[in-house]
Amino acid sequence: MSRLSVKNAYFNYSGKPILENINLDVYKGEILTILGPNGSGKTTLIKCIVGLLNSDRGEIKLDGIPINNLSIRDRAKIISYLPQENSLHFPFSVFNVVLMGRTPYVGILKKPMPYDIEVAWMSIDILDIRNLAEKTFISLSGGEKKLVMIARTLAQGTKILILDEPTNHLDFKNQFIILNKIKYIAKQKNICVVMSLHDPNLARIFSDKVLMIKNGKAAAYGMAKDIITEKNLNNVYDIEIDVYQSNKAFMAVPHLNGNSYGEEIDRV
Amino acid sequence: MKRILILFVFVFFLVHGIAYSSQNGQTSSRNIKPAANTLNTGKRYAVLFPMALPFLFIINAQNGIVGYPGFGIKAIPYFSGNLILEKEPNFVKKTVDIGYPMEPNIEMIMKLHPNFVINSNFARVTNKRIEHFGIPVITFSGGFGTIEQLIKNVAKIGIYTNHTKQAEKYVKYYKNIISYVYKLLNKTQTKRPTVLYLSYEGPHGNKLTSGGRFNTLVNDIIQKAGCINVSSKVPGMFGLISTEDIIKWNPDYIIIGAGGSAESIYKNKLLKYTNAVKNKKVFKVPTDGNAKYSNWYAPEKSSLGLLWTAKVTHPKVFKSFDLRQAAAFYYKTFWGLDFSNLQIKGFLP
Amino acid sequence: MIRYFILGLLFIIIFLLSLSIGAYYIPFKVVLKVIFGVCPQNLDKTVILNIRLPRILFAVLVGSGLSVAGASYQSIFKNPLVSPDILGVANGAAFGAVVAILLNINFYGLEAISFTFGILAVILAFLMAKNRINASILGLVISGIVVGALFTSLIGIAKYFADTNNQLPQIVFWILGSFSFVTWNIWPTMIVIFVCILIIYLMRWHLNVSSLSDEDAIALGVNIRLTRMTIITLSTIITAASVSIVGIVGWIGLIVPHLARLITGSDNVKVIPLTIVIGGIFLLLSDDIARNLISGELPIGIITSLAGAPLFAYIYRTRIEAHE
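Protein chains in written order, with numbering that gives the first Met the number 0: chain A, 0 to 267; chain B, 0 to 348; chain C, 0 to 323.
Think of the hints as simulated: they come from the structure by calculation, not from any bench. All residues carry an ideal CB built from backbone N, CA and C; glycine is no exception. Wrong hints could be hidden among the right ones.
Said to hold, decoys possible - Derived contacts from chain C toward chain B, CB cut-off under 8 Å, selection only:
1) A22
2) Y23
3) P39
4) L42
5) N49
6) Y159
7) S177
8) S179
Claimed, not checked - Straight-line distance between alpha carbons at most 20 Å, and here's what the computed DMTMM-like set of lysine to aspartate or glutamate pairs gives:
9) B/K268 / C/D43
10) A/K76 / C/D213
11) C/K158 / B/E102
12) B/K232 / C/D287
13) B/K247 / C/D287
14) C/K269 / A/E229
15) A/K134 / C/D266
16) C/K269 / A/D127
17) C/K158 / B/D96
18) A/K46 / C/E214
19) B/K73 / C/D266
Just chain A, with the same shape it has in the complex (with noise of 0.2 Å):
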């Protein structure tokens, strides 16, 4: 059985379809990247994935129960989530950032126990953060904040995670950096993760699973190796791509030579 499915799901704004039929499967230590231009209803299906919005039509199903069947708290024990933007308005310590993760466990009117302490020790250790624990969050680059981030999702324990766009801001070197550890955990904790991912050569390299999005419809979907063509490229970002691949390496650019969009850059 699927760790996590969504069968015709929909989504409407004021009117507006943003999600139509959408279809996916993810197994235990599967990942799945969602590619997408910008609007195209990747952050959409990821809310309504993580149950932060709730789609008109269709099913979300974790672990095989519907997602509407569980309350909040149990929600976040199945499933955690990373958002795009991290929204700390006050100076925590990196520990703290990290232990909250465990929120979904801490009774409204307890602390954390010395269990949940422990956990968020272990996350740290497992992404090699313990040397910024004293730190605080707010004082960290970029890439350091996202693997924070990503060890408060690590100690929420969860069998699903969730990430938008976790290579967001990142460098070129933090971009690999922080994919290798989300690829390390699902392999090594057996998590599925589903993320959605700007760079098709990332897509490719990390993710066993693609779902394309064009317009809110699914273009595209199933293994990484199969979808991620120069014509489904094309299709998706309505702009032509080149694709040079070995059998070492695989590279889409968009195709400069000669067309207009070449042209444009040299006018600008």
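Put chains B and C on the given structure of chain A with help from the hints.
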């Protein structure tokens, strides 16, 4: 567009500057600021100070009042409003409301063309503002000064309103009372009892006292009545005090101006060790009607307040003195009223 | 740990000193005798047990309560510059009290009316916000400011109609705040404030999560609407209950949480207990000044703002330097 804007701003300042300088020229050429020694007597006067208003009735100068402190809502005069309406039933209707001491309706005052305005001595800024418009202001101490100051001010108003005779009559009457009390107290050298005057004993448990640090009238009344004012170091007309202060001062007498009653003080378990409560010496100042402030400690009735305090705190010395008769004289002479017709509330020995 | 011990000791010393100082002189020896129950029934004992003790206890409770309300508001509104009266509760309660003073209603009536108006103000703010952006934080804060301004102007109008000689000074003193009329009669209010402080204290871990964005908090399994409503209700009760008895005591709800964060960082698990202790000490000291500085009473609001504004400037500077 930019040029037009700059031009506009320039013209604006130019016009503004011309207007301003011409205005300045005008005021300097007019310059009707009243000199302190020149008399500006007149037949029309506006009163801004509620505490001064009753005195114009006492000296029979009420016909010249063109504006009164109605607080913007045509309120019945706060001080002795009941007596004022007995003497002049149409007073509120026919007189223009010009606000109150700190916030006068200056346009309305200008429109009335009074010869002068009577206002409080503490409203210095307001008085300057009024004088800036060329209307002299005569200050009045009311409750914010000693009895001597009050008498002097009444005499001053008498001169300005051309009612010197009646004012002198009142001054003489008050001076007689002061010297009478003084003589009797000096004849018998008694110990001066301590007195606490609660200007308000609220239903909310809070107590306001009329302190004496800035020379309040109440402070002077208590001292002239041969007593020691325990709250003389509390600043201002209304100082907030706590129960503990009362215990510390341990006054022989507690006098309540307004609000609660002697019973509410007796009921207070925390005060049972104070002399006043132990000896049942808590008294409420008499009031004569339903006006907001009509008790005998109000400036216009402070002569009675002085006599009352002296009699209450020195019962032996003033044993033969008939307070009711003195009150009857006051009401008959200055308000033309029969004392027996007035509803007197509070403690009357 | 040593930090808490020192603070606790400081609190006890200040508490004992506050019991022994006041207008009426009582030697410290007698204070100790009364505390250990070996003092005969006399005036000293009455002053200590029935005048100073309730006053001191209430000052501590109000100080702790307002500070803890401020700290929790700052968390749930995700803004460190928020104070407990952001939703207009203090102004509402003050207006209720002014109405009661105008109508010459007795002490209990005043408290009840004032408390009710405080709660009403917050409900009004909620209703106004609800119509706009679904009770979002910004909408709430804006409508809170509107409601506060509305009640301030209503107080202005009420002042206009007040009797200048009796009621107006009452109103002015009442709004500036004073502990001078606290007696044991208000024990139910003391218990209410204590219970609210206790609940917020227990919820202190969830305050951390409440300071995240709504989506983040929901993803962490927190029913953020419910948590926010609970905190707002408790803080509103604390503020309305204190304002209904001692009037508006400004600044404390803003400064004390900052002071606590300066000492211990942002983790509410540590900030809240520290806020409770510091808030109690702060207001107790302020009240000691209010009742001892001059003959008679100084309004407590004047002292807290006089001490608070420069202190806040200092804290703000230190925190900026720490961040740089």
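How the hints compare with the structure:
| no. | hint | result |
| --- | --- | --- |
| 1 | A22 | holds (4 Å) |
| 2 | Y23 | holds (4 Å) |
| 3 | P39 | violated (13 Å) |
| 4 | L42 | holds (4 Å) |
| 5 | N49 | holds (6 Å) |
| 6 | Y159 | holds (7 Å) |
| 7 | S177 | holds (6 Å) |
| 8 | S179 | holds (4 Å) |
| 9 | B/K268 / C/D43 | holds (14 Å) |
| 10 | A/K76 / C/D213 | holds (17 Å) |
| 11 | C/K158 / B/E102 | holds (13 Å) |
| 12 | B/K232 / C/D287 | holds (19 Å) |
| 13 | B/K247 / C/D287 | holds (16 Å) |
| 14 | C/K269 / A/E229 | violated (56 Å) |
| 15 | A/K134 / C/D266 | holds (13 Å) |
| 16 | C/K269 / A/D127 | violated (27 Å) |
| 17 | C/K158 / B/D96 | holds (18 Å) |
| 18 | A/K46 / C/E214 | holds (9 Å) |
| 19 | B/K73 / C/D266 | violated (58 Å) |
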